[in-house]
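*Asks:* Taking the hints into account, I'd like the entire structure generated from these sequences.
Note that our numbering gives residue 109 to position 109 of the sequence shown, counting from 1, and the numbers run on in steps of one.
Simulated from the structure, these hints should not be mistaken for lab results. Some clues are possibly wrong.
As the list claims (entries may be wrong) - Calculated pairs, DSBU-like style, for lysine-lysine (alpha carbon to alpha carbon, straight line, at most 35 Å): (1) LYS279 x LYS115; (2) LYS115 x LYS234; (3) LYS399 x LYS64; (4) LYS253 x LYS115; (5) LYS399 x LYS234; (6) LYS241 x LYS373; (7) LYS241 x LYS328; (8) LYS64 x LYS279; (9) LYS399 x LYS115; (10) LYS328 x LYS373; (11) LYS256 x LYS328; (12) LYS253 x LYS328; (13) LYS373 x LYS279; (14) LYS256 x LYS115; (15) LYS253 x LYS241; (16) LYS253 x LYS399; (17) LYS253 x LYS234; (18) LYS241 x LYS256; (19) LYS328 x LYS115; (20) LYS64 x LYS115; (21) LYS399 x LYS256.
What you are looking at is a predicted structure, and each value in this text was computed from that prediction instead of being measured.
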Amino acid sequence: MDNSIGFRRAGILLAYPLAYAYVRLVLNYWASEWAAVAAYTSFSLVFIIVSEIVRMGRRPFSRKMTGETIFWYVIMLIASFTAPFGPSCTLSMFAVHLCAVYSVLVSNDVLLGGKTGGLIPADLIHGFYVKSFAGFPNFITDWAAFKREGDKKARSKIVAALVVSFVVFMGVFFCIALSLLSKIDKDIADFFDTYLCNFFECLCRIRFEDLVFRLFIAIPVCFYLYGLVSRSAKSDGVREKRVGDTLVNFSQKGRKVPVVVTSISAGFFVLTYILFFAKRTAYFLGGFTGEVPDGQLVAYFARNGFFELVGIMAVNMCVYLTIYLFEKRNSNGRVSLPGRILVTLLMSESIIFAAIAMSKLWLYFSIYGYTPKRMLAMWGTLALGFSALMSILTVNRGKSHFRPGVYFTAVSYVAVCILSWVLSTL
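*Replies:* Set out below in structure tokens:
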């Protein structure tokens, strides 16, 4: 039998147990953090195994995992392992879902842009909705992998039925024999009383209605998960490349806004921030020097204006993206010189905002210690600051640096989760 056929069958057989495990993972309450760690990590590991089994069944010509695939698998496992101890379990589980979907697309080489880049939001939408829901029927249609032709099919069914019947009969006979032996030997009887009674007590504690509910909900989840991995594995990437080219062409057609308009608009932001820095320089330097204004508590000083600074950085990133998507390009397809200068100034101001916000947060952190929210705030500020730096490089070098930004965000988040776990144990 071809190995790819065996992988296809294994993928189909494992799809429903994987879906049931996911439903149990979502609906179950964990008695301890380490129980949650074991559950989250085990599920992620099983998902990776099933995904690779389906891929090898559909793509026997490319069975080696690429370095990028391994990267996203590792990020997924670390996010799962540190979820209960990280800054936010909800955010970590969301990250696990993103990694799960994106790793399937990467492993099967079906990214819209051909590689990780600016189309990653479209890739995730494509994976979460298009691939998954369009692949709903695959769980049923792929049962064809079990079909045999001619007499081989009939003989295999007969052999399988005979093997199952034999095992059932032998199991029944063995139970009868043990039952009779327990009437003679007290040790055997005590063994049954000790272990089988505990087994039946565990069965009695299972709520039948909960079990039926999970079994029922796992059906559409099975169709969804298997549809994602199966449809991705069946695709040759041609359609995805065509869709990606369409999105790129569509974005290029929208670059019609005159340079004068974009420059004046961006100039207002740049000038406003310069005036703001000139007016409040002494106040915002307090985070670096440790000097708190008279009459203010350190906690109030550190929190006051922090989230507003982060919000301004997010607004600046939106301003940059708007300029990048709508401004009319010059003859070589690059952002105009005024646009590059203003974007560089705007993103440099964002980096200054990030440094100020970090100084305020670090002052708060050094006095009052670790909390998950403070750690998460530090990561968000750092990620926005790095994005501003990548934006400066993008507009000045004429080459997208979105890919390093994605990797930095992923790696820095799991690093923060690990650091949060270490600090929580001290």
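*Asks:* Now look at each hint and say whether the structure bears it out.
*Replies:* Cross-check of the supplied hints:
no.	hint	verdict
1	LYS279 x LYS115	violated, 45 Å
2	LYS115 x LYS234	holds, 18 Å
3	LYS399 x LYS64	holds, 30 Å
4	LYS253 x LYS115	holds, 22 Å
5	LYS399 x LYS234	holds, 32 Å
6	LYS241 x LYS373	violated, 40 Å
7	LYS241 x LYS328	holds, 25 Å
8	LYS64 x LYS279	violated, 58 Å
9	LYS399 x LYS115	holds, 14 Å
10	LYS328 x LYS373	violated, 41 Å
11	LYS256 x LYS328	holds, 5 Å
12	LYS253 x LYS328	holds, 9 Å
13	LYS373 x LYS279	holds, 30 Å
14	LYS256 x LYS115	holds, 27 Å
15	LYS253 x LYS241	holds, 18 Å
16	LYS253 x LYS399	holds, 19 Å
17	LYS253 x LYS234	holds, 32 Å
18	LYS241 x LYS256	holds, 25 Å
19	LYS328 x LYS115	holds, 26 Å
20	LYS64 x LYS115	holds, 17 Å
21	LYS399 x LYS256	holds, 20 Å
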